[in-house]
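A.B. asks: Chain A is already provided as a structure; the job is to place chain B on it using the hints.
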Amino acid sequence: MTGPLRPDLAEKLAGAAGYGVDLDVPGMLWGALVLAPVAHGRLTGVDLAPARALPGVVAIGAEDLPRLLPGREGDRERPAFPTDTIVYRNQPVAAVAAPTLARAREAARAVTVHVEPLPAVVDVESRFPDWPGPEAAGRPEIAAHVRARHGDVEAAFRDAGTVVREIYRTASVHPVALEPHACVADVEGDRWHVRTSTQSPFGVREDVASILGLPESSIVVEGTWVGGGFGGKGASFVEPWALLLAKAAGRPVRLALTYREEFLLGRTTLPAVVRMETAVRDGRITARRVRLLLDVGTSLPGRDFTTGYSIGFLLGPYRTPVFEVEGYAVRTNKPPFGPHRAPFAPQCAFMVESHLEHVAREAGLDPLAFKADHLWQEGDTTPLGQPVLPFGLRTAFEAARGLAAEWRRSAPPGHGIGVGVGFWSTSTGAGGEARVTLTPEGIRIDQAERDIGSGSVLVGLAAVAERRSHLPRERIRVAYADTAHAPYDAGVFGSRTVGALGRAVDEALVEILGRLGARLAARGPVTLGVEDGEVVVRADGGSRPLRALVTPEEERAGGLTASGKHYGRSGVIDEHRVLDGTFYAYTDFTGAAHVAEVAVDRDTGSVRVVRYAAFHDVGTVIDPFTARAQVEGGVGMGIGTALTEEAIWSPEGRLVNPGLLDYRIPTLGEVPPIDVTFVEGFRGAGPFGAKGLGEPPIIPVPATIASAVRDAVGAHVTELPLNPERVTRALSRTNGTEQGP
Amino acid sequence: MTAPAPPRCRVNGRSVDLGDVPPGERLLDTLRWRLALKGTKEGCRTGSCGACTVLVDGKSALSCLTLTREIEGSAVTTIEGAPDDPEGARVRAAFEAVGALQCGYCTPGFVMALAGLLKERGRGGSFDELLEDLGGNLCRCTGYAAIVRAAASLRTEEAEP
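In order, the protein sequences belong to chains A and B. Our numbering applies: residue 1 is where the first sequence begins, and numbers increase by one. Our numbering applies: residue 1 is where the second sequence begins, and numbers increase by one.
There may be inaccurate statements among the hints.
[To be verified] Anything over 12 Å on all C-beta distances counts as not near chain B; from chain A, calculated:
id : residue
1  : Asp47
2  : Pro79
3  : Val115
4  : Phe305
5  : Gln386
6  : Ala405
7  : Arg409
8  : Arg467
9  : Gly514
10 : Val572
[Stated by the list, open to error] Under 8 Å between C-beta atoms, here's a sample of chain B residues computed to sit facing chain A:
id : residue
11 : Val56
12 : Phe127
13 : Arg140
14 : Ala146
15 : Arg155
[To be verified] The following label-pair restraints were derived from C-beta to C-beta distances:
id : chain 1 : residue 1 : chain 2 : residue 2 : range
16 : B       : Gly122    : A       : Arg547    : 50 to 58 Å
17 : A       : Pro412    : B       : Arg121    : 26 to 34 Å
18 : A       : Asp24     : B       : Ala152    : 31 to 39 Å
19 : B       : Arg121    : A       : Gln377    : 35 to 43 Å
20 : A       : Arg602    : B       : Gly135    : 18 to 26 Å
21 : B       : Asp20     : A       : Arg139    : 57 to 65 Å
These aren't lab readings, by the way, just hints derived from the structure by calculation. Built from N, CA and C at the ideal position, the CB exists for glycine as well.
Looking at chain A on its own, in the form it has when it is part of the complex (with noise of 0.2 Å):
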């Protein structure tokens, strides 16, 4: 390849790229938010007139919606403005715009909020401390409760030779994306119109429509450069708000977030509690029960999917003839649950790998054999029923298992050697649209989607379009327009954008393809090229510039254009294995194994990550190098996970640690060289056969580096984070009765 590495470097090494919180726009307005002062109470009045007399200051609150949307309705589970009753503490009650930031601000600490405080359910395991029974599942503050079960469960554990029964604890993580979530908004007439930092446009027209109760024809949503997503910019936040202060002061409104409302009204990954029983019989697995609380903060009821989709993960990618699952997504007085980065699914693979080495350890079993001997391969079935489709995990783990011995001769005392297993499945199912133009001049993709920073629309589907077509990639060009001009397209979440909308665009580019092979009566397979500065179709030997092969209409038309679609279909479960809920099929399977060395000091228990490498299953891949770096970010990202992150709320529903100073991402120097192999071959479902790879790279980090922490010293910690304080917790637990390496 001879052009850039991304086609955004230039733009954004000039310091030009615009993000959500670089809009400004003339005569704008600047929105602040006013905050609950408690996690739960009886909202009796919220007093706007202090801030109403201060100069050009807007403000609004839930008694202004009728005014603003005379005649609407917007989804009463999910009010921009809460009417009675207040549920997690900083929750928004009312919204003020002025015409400086100060000023804003002044008129936000100026508005009184009138609440009854009542008690607030913060911790899961307060709330239920005998494990919630049968009965449970009906009560409100359950927002989903699955159960499926297969095999005679209670014969199995009865005839086991070894039964290890744990619990396992994991804390709250935030995406940390480094610009606050920030948007411009303006209303003229009907056109409800928003500016602003999101993986998926059309994901807030939705969002908005439902919670402002407009139809999605008059919002239009268009996207900026995004500053870090991670799940946390998937969905609407800021944009209500700013709409509504726009209708108010019939002037364009910027609402930003500080970064300490990030944290403070921020969507996180919530603590969970799982517990976690294995049955071994002849060094085979026989039996496993799980039983999960997860703590989903305020979300809704019946829109929970992560207990069911956790679930499976909980299991892991391992044969497992008979289990029983349990899950209670239960509603706390804490904001939302929210998307980070393959949701939960890191938490869970610590938490099984963890349990299965410790298993295979109580058995007296070799923990890398027992799983190798375990592990998911084509043609087992998963424990719901699903055929297991083509999958690389095994052919990683016996390198990354291969890689570790080697490592472990040469690890110095105090160092230890881990490995660790993830899984995962591209979600295809969300659908994705573009077009396509081809012209003398090259290639044009027309689709919804800002690139969040992965490369994934810039550079993924400019791969895709230059491997189908092998036209060159400096003549591909990925455009995007708002939600108004652009083909529909879910989001760029879950590992999802190369496999499905790459494979719309690939759709699109075999039909363009076709057409010209029809014209050239080509036998054999039509692709492009570029001679003389233009774009020639080759075929069957020859080639021919595309000029002359494009009719009058085509070109007044601006190139021929096709449309391709993508709407996944996933495989499926044995619903006789459910019982309750909804559980989730896999489109595709991918997963990783990785191995990390690190080195603890005994006395602080303090974990360094000496060396790390990653084998992952991709299935093919599509850009070397943004593949690469999807696996070194997202270990990045990981090791944060296993070792500092942790939001942390009060018993009152206070978050004590609303910045970066307490809640600590790693820095540069917590971050070891990374090694990256990709295991190739194994089929997914998106395009020449690719897997996502925009999540997998965080799941196996977290259980990797808790594997080398026991290798190291003998501490067997089951809960996350492995900060200082629970590694010395879990020596001290198993000082005297466990060896070290």
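C.D. replies: Relative to the frame of chain A, chain B by itself:
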């Protein structure tokens, strides 16, 4: 008697009148909203993330913790002025060559911080020390790997005669 000269500083080589800047205004806000130099990014506003790093008289500074009036008479270089700064230009070229960014939000801060370190250290100090001094700049996308590769390429460049 003539009126005292208004307070001034230079930003990317251009003279800027600070007369209207309130005493409490942060350099970050002056750059972004008064001078429309949006390349300098606002992250935490508490000095924890490094996204707002600029050069003040050739030394890297967190513009969110710098009051504009306290740099009167100084020369400020932002990412927009980096091409005209020898170290800034080198760092930008290194980032481009290895593709050392993803979302790009931390990039201006990293480029300016690294340019400042190169000026400060010249050829002295070890590579590890250089990396340690970059610990105040956070990146959530890259796992820092590509940024370290960019820094290493500058190091190699320096080692050559």
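A.B. asks: Can you give the numbers of the hints that this structure goes against, from lowest to highest?
C.D. replies: Going through the list in order, the structure violates hints 11, 12, 15, 19 and respects the others.
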